[in-house]
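If you're matching them up, the sequences are chains A and B in order. Note that my numbering has the first sequence beginning at 1, numbered continuously upward. Note that my numbering has the second sequence beginning at 782, numbered continuously upward.
Everything labelled a hint here was simulated from the structure, so no lab data went into it. Do not take every clue at face value.
Below, a list of computed lysine to any residue pairs in the SDA-like style, where the Cα atoms sit at most 20 Å apart [unchecked claim]: (1) A/Lys158 x B/Glu1063; (2) A/Lys158 x B/Arg978; (3) A/Lys29 x A/Arg45.
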Amino acid sequence: MKFSYNQIRDLVEGLETAPEALKGLITMKTAECEGIEQIGEHLARVCAARVVSVEPIAGTHNVKASVETGRYGERTVVCGAPNCRAGMVTAYVPAGTRLGAATIDKRTVNGVESDGMLASGAELGLNRDAEGVLELDVEPGSPIPGCEPDATIEIDNKSLTHRPDLWGHHGMAREVAAITGNRLKDPVNPRRIPAGEAVVKIEIPDFTLCPRYSALVFENVTVKASPLWLQYRLTAMGLNPINNIVDATNYLMAMLAQPMHAFDRDKLTGDTIRARPARPGERIQALNGEWYELAPADLVIADGAGPVAVAGVIGGMDSAISGSTARIVFESANFQAAGVRRTSARLKLRTDASIRFEKSQDPANTIRALAMAVELLEQVSPGIRLVGGLADAYRPKPAPAPISLPLGWLDRKLGRHIEEAEVTSILESLEFGVSRQTPGVLSVTVPSWRATKDVSLKDDLVEEVGRIIGYGSIPPAPPMVAARVPAANRERAFQHEVRAMLAARGYTEVYNYSFIGGEAARRFGYEPGALVEVANPIASDQSLLRPSLLPGIWKNVVENARNFESFRLFEIGLEIHPANAGADLPRQVSHLAVCSAARQEASPAAALFELKRAAECLMPGAQVRPVEPKCYEHPVRAAVVDWHGETVGRLFELHPSMVESGRAAVLDIDLEAMERARPAMKRYQPIRRYPSSAFDLSVVAELRELVGGIEQKLARLAGEPLEAIEFVRQYSGPPLPAGKKSVSFRLTVAAADGTLSSEEVGAIRGRIIDGMQQSGYELRI
Amino acid sequence: MIEQTFERLESRSRERIAAAMSREELEAVRVDVLGRKGELARISKEMGSLTAEERARVGKLLNGAKQGLEAALEARKAEFDRAALAARLDAEWVDLTLPATGAPRGSLHPITIIQSEIEDLFVSMGFTVLDGPEVETEYNNFDALNIPPDHPARDMQDTFWLKSGQLLRTHTSPVQVRGMQKLGPPLRMIAPGRVFRNEEVDASHEHTFYQLEGMMVDREVSVGNLIYFMKTLLSSIFRKDVTVRLRPGYFPFVEPGFELDIECLICGGAGCPVCKQSGWVELLPCGLVQPNVLRMSGIDPEEWNGFAFGLGLTRLAMMRYAIDDIRLLQGGDLRFLHQF
């Protein structure tokens, strides 16, 4: 929302605060100012001038004009405007004036030295008329009436979401007056509402959708350009001047936050205006030229023939003001915020009117705006006449109950004491009604423009007082509360441990997006239709929520391979799967993905074994069990990770077809499963007091027989006395037959209550060898 | 007479010991002097012809010479050992400027680092850390935070909707709702996490970013308390006393609501491109909890009140590390991530 500084100054008596300082004050006490734009700075130098004489310049359309400027004496300028003629009063811009990006210099045109220029409204930034130089009706030397340098203050719309009143200058001026301690002027003279019978009838079947509809009818209308001051003011407010009638509606809206609409009376059918739901199949061509299909959820303004406006959003083309308009119906209505918002969203049409109505405007404002319209229209369309009295339909609403404001409570809420007199004065400056209910408690009446949605609780008054005293005046203080120990979040603490451990082992943490596309989903074996889908994705390849961290990790592998020979990374994030039956929300599971990638590995499957070690460090005692590969896994390098009887994840190499050169091993762990499997408490094992004995055994096995399996067999045979079994090495080649390997283990055995004799150790060893041989293994002893 | 013989023998032997250049030469000296057929052994054999009195005297001299020479031999031998050790160790020279082995250091994501620090800080002040889902219900994300359907405040956050009717949370504030329901009053909680807004991505806008929600509900919680926590938080993050200011801001779930700005750390408040010449950087929305929000979560606002804030973790990380492109944070480029 853009505010004209001059307009605010016109409404605040004696305002001396400069725009820049005002910007700071408004930001700190009311709403966020985004910036200030100086406009019309050149107008301080421009003045009216009478053209004394005009001489044509041969061979050009230009003329040499002598002008009496009053303020700058007599000057000679070259002018190309078709309306430049002796005797007229126009605008003179002296040399040396900056006009937009350019500076007007004294320069020679067509052999004539031009000392300054005569200017059109467009050149001066007053309107968009570039047809000819301005035609003025003032004495030479005087400034252009109502056109002084101004500043546009832009306020962030988001910070006005709750303030229907701040969508007009009068509301903002009220704030400025309260902040600066000046008096607010009311631009409305309510006595201008005419008495008498209205000449149009209003019908409102549902006052919930349209709490109030007021209108006046005017005749003897002249549609033409607005006076310069109005055009310029609208420009400073960020609005485009169109014609006097439309400009009047826009100016009133910008002043009072009340959207208005003017219908051409002679294009309306009948004399009844209805604010009713649209009928199925109704459509309307709006002022923007577009056709809109309406639905019964949309409220329309209809005449005897059909919809003439979409209520609170936009007017219809058929009844629009045109050059031939002679009579107008001036609408000033109030519509339900939610309804306007729904229609505006459905039609994808946000207008200055809908933006205001969706903030819950004040129904009492409709007639204030009409009262002001009467005065304004007299100015901009001389000769205009009211026809009949006010048409006004509404359902009277009881005034909201006053709010009790206990002053002690207010102090405690803010954390600072404020005197009763100051509280009263602040609230009164914002036009709240204040009286003392009981000692220490104020009774506060909310003005109608703040009562629609904004202020209804005593908490809302905390803000009113707090922002005007300034939050900077509140001293920071720790709260006086019981020193309760916060509940621990074990899952999160555990995730932080995992992160720290992986970072210490050389892995770098990445964050990937939660979105993936259909192609990536398929590549990882997911049917896109079976995943959670975004209705309004940012791009078609980001329309699904990730059911796995792996597509992101894969992308990291491909991209980082361009810069690094080898690298390690990990991510902790949520997998998102469709909801289980009966659950509200999709299943969201914390996962850990760790990856080690290298163009060239130092030893075969080095990355896989590195990740296996990482898994063991995270989960002491975890077992890796080879399984059938998934479609994105290396066909013979895939396993699951088991821990305390729970399968917690997978360890694999990405399928080589997915890695351009080199290999990438991945560990994918379900952190929730891991957390479930994690033993609750550790318990110390006493250190053995008697020495143990060790011996080596080498078992000959098929090349692809799992070492882990052989180890388990040996351990089972060793039984109770086995303290440890450790893989030593494996070997294949002569003298072993082809297809065989020899695997060596070191077994450590011991007794709980003493030292084993060499005979006892020998017996254990013999039992193991016998057992293995019975299972068909050959042992190299 | 015999004394002189010993003296000569001893001094000659000491010279030979000193002159020996290897353990072998030293061994030859030992054999010549102390060996079974060495000079001292020969003298010892001749002692049989001496009187008992002389034998005692010569024996003493003999022992003295033997011990003296043995010690000299040992000492010389130790010298050789030391030299040999020194030579062996010298051969083990390595160039310590060669690169280290093993995996190079990994690193944590900058947001993780900041988030952990803040978690620790708030836990030390009695706050519980809560988690919430990234996919949320419309109710928790909006309605329960006093943002009913058709409320214009819904425009303040462009929402990713799911085909199932749920949404990706637009802020961490729904965890307030979950926290109030789970913990009940009094409570102190924070909830860091990933949030989503349907926005075009450029150097300063992301559709995925991180927030840290905070909430305190107790008997008496004031704006002054809120300012205290926010100042403590920011001074801890930036490791210096930061200047903050509170100004009105509208968020339907707080009343009064504030925007908290900190004095620009880049220019110190003088004005620079980072703070858009204003000297202040908008950092976090906060406020006292709106009574309806408490009521909707079953807490009586006449008995309890509180504050809430939503810290932009992403913004904070960018400020602390002077990161000028938000896209780097989720780009997965290790050239960037290695730096933390």
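Subject >> Hints violated by the structure (listed by number, smallest first) >> reply: Hint 3 is the one this structure does not satisfy, whereas the remaining hints hold.
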